[in-house]
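**Student:** Listed below, chain by chain, are the residues.
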Amino acid sequence: MTLRILQGPSSMTSDSLSTAPATDTAPLEIPDINLWSGFAATFKRDITVAFRSRGDIANPLIFFLIVITMVPLGISPERDTLALLAPGMIWVVALLATLLSLDGLFRTDYEDGSLEQLLISPHPLYFIVISKVLVHWLMTGLPLTITAPILGVMLSLPNQGYMPLIASLAIGTGVLSLIGAIGSALTVGLRKGGLLLSLIIMPLYVPVLIFGASAVSSASEGFPFVGQLAILGAFLAMAMILAPFAAAGALRISVNG
Amino acid sequence: MDWTWFHRLGSPRWFYEKSSVWLPYLWVLTASLLIAGSVWGLAFSPADAKQGNSYRIIYIHVPAAFLALAGYYVMAISGAVGLIWRIKVAELTMRAAAPIGAVLTFVSLFTGAVWGKPTWGTWWVWDARITSMLILFFLYLGVMALHNAFTHEETANKASAILALVGTVNIPIIYKSVDWWFTLHQPATIKFTSESTIDPSMLYPLLIMVIGFYALYALALILRTRVEILKRERRTKWVKALALGSA
Amino acid sequence: MHPVRKQRLIFVVFVVVFATVAIGLMVFALRENMNLFYPPSKIAAGEAPVDKSIRAGGCVMPGTVKRSGENLDVNFLITDGSADVKVFYSGILPDLFAEGEAVVVNGKLSESGDFNATEVLAKHDENYMPPEVADAMAAAGNAGDGAQHQKTCEVISYDS
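Residue numbers (numbering that gives the first Met the number 0), protein chains in the order written: chain W, 0 to 256; chain U, 0 to 246; chain X, 0 to 159.
Check the hints yourself; a few may be wrong.
Derived pair list, reagent style DSSO-like, types lysine-lysine, alpha-carbon separation capped at 30 Å [to be verified]:
#	chain 1	residue 1	chain 2	residue 2
1	X	Lys65	U	Lys49
2	W	Lys191	U	Lys49
3	X	Lys51	X	Lys41
4	X	Lys5	W	Lys43
5	X	Lys5	X	Lys65
6	U	Lys175	X	Lys5
7	U	Lys175	X	Lys65
Some chain W residues near chain U, calculated using beta-carbon distances under 7 Å [claimed, not checked]:
#	residue
8	Pro71
9	Gly73
10	Pro76
11	Val205
12	Pro206
13	Ala245
14	Ile252
15	Val254
Simulated from the structure, these hints should not be mistaken for lab results.
Treat the numbers as computed from the prediction; the structure is a model and nothing was measured.
Glycine is no exception: its CB is placed at the ideal position from the N, C-alpha and C atoms.
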């Protein structure tokens, strides 16, 4: 299906403009504006860009690994102590690693002007934001989730803890990316947005941290953890509705003032 | 319904001039409530059976905590009004509300710590309510930090209004999560009925103090909003005339 | 359908679907017992896991606190009005611990249904009243052992 529309306001005033060529009134063929095309195009573009700078994908992971290495050095190499700390530590560090990568979510698009193009495009910004967040999650949240079991081994996490660790991180980092997108959109126009972004977003991460870490720690003590995962899932669904909306509003303000 | 008053609010000048009329009354109301409440609470109401006189810090602690939370909603609602109807006074009120709320949150945390030392034997515990207040404090600081980071006033107002609104959606969730986290990690889980009871002789001064703090909050908010108005409108004729007239 | 309307429809469907998912998951989560806290009735009903660190709480049934003369061993019954559980503890009890007051105990449930506590905590009192009132209440004798105790424990009848 294609949509035929007039070429914007200039065609309506063409009668009054003697210099306007007659062809001005010819309808212009433009592709169908549906939700999917905008989403898919942004997704494809962002994935390509992300894969061209692979170093940026690795950085949060290396950070994740180094900080977890610091924990036994700073506290104690004793297995029992580490096992007790493991769920919380892995979750806190995953949260920090996500925060570090969030600054770049809209930054490059803002600097090269493509963000403005996205804003004035007829595609709904809401779904473009979701698409960008999805790419961000694939590039940070997913790798963090996959690496987490290795860190669990380093911190001698009990065997029952691995499944919930992976599940809670997979769901939870999605929420982190979505909420973080709001902060990233608010600070995109600022030169030194990085630290400020962490400052404004961290308090909003509290519920995710509580339920994520609790799922892992109660599972490692042999208790059911499905309830916590369900709550994380509920957070994800809620964030899916509200966060792109807030982030889209914030982007408009950051770009247009 | 007549909405002219609402649209008049859009004019900072109208607000400034009207508030000049209300202010003296509000001053008197605030001062008399706070003096009455604190004299009654500190000197006349009886000491607590278990805690002795140290419970009297309740007369600062509880009203400050009330207003710290209510202040966040004041900030978020005025931010929303500013975003939706583009009412300048609302934007300025939002800007003015953030530091007041942050100070009140700090006061309630600080008095809570001072109260905790004699009653619980420690300055700080990771109690659900205390932790939620601390996070509320961080939310306030975040809104202020975001506002200060922008050089352009308009953008700063809108951006911090969005952050305040996002925080509003989150406050109940944060509160519930922290509450749940606390029951998981800490002892005080028994709550078949959770209402705490307070004797009327202690309750009345507390109510007066709460109302007094509301008045104090309104006063501080109006005063700060007036300052913001003057700062924003400093190049207009009426502010210049005001400055020359009072000089 | 007009594209703008179609867009709106998809958007509404999107919101409705995710809102439903959120509510559904929330309802599911609330049905799960996540806080590892078991009142005596649940322990008596066999819902609490055996030999895992859990937390139980209730009111100390008056007249059931038995202290050993030689060491710090103590045992007592806690109740929530419908069932009671015997708690064994070895250690110093907190100052606020008293018969008819609320306590929270951390520990493990044994096969026989007794609770071996590693920690006993007294519930923080949330009542404020002047000493005269407290004395008056004690004089009226409505509180038995203590001048004031947890309202929750007052309403329980200990006869059952």
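**Student:** For each hint, tell me whether it holds in the structure or not.
**Tutor:** Status of each hint after checking the structure:
no., hint, in the structure
1, Lys65(X) / Lys49(U), "holds (27 Å)"
2, Lys191(W) / Lys49(U), "violated (53 Å)"
3, Lys51(X) / Lys41(X), "holds (15 Å)"
4, Lys5(X) / Lys43(W), "holds (24 Å)"
5, Lys5(X) / Lys65(X), "violated (74 Å)"
6, Lys175(U) / Lys5(X), "violated (38 Å)"
7, Lys175(U) / Lys65(X), "violated (39 Å)"
8, Pro71, "violated (23 Å)"
9, Gly73, "violated (21 Å)"
10, Pro76, "violated (25 Å)"
11, Val205, "holds (5 Å)"
12, Pro206, "holds (4 Å)"
13, Ala245, "holds (5 Å)"
14, Ile252, "holds (4 Å)"
15, Val254, "violated (10 Å)"
In summary, the structure is inconsistent with hints 2, 5, 6, 7, 8, 9, 10, 15 from the numbered list given earlier, while agreeing with the others.
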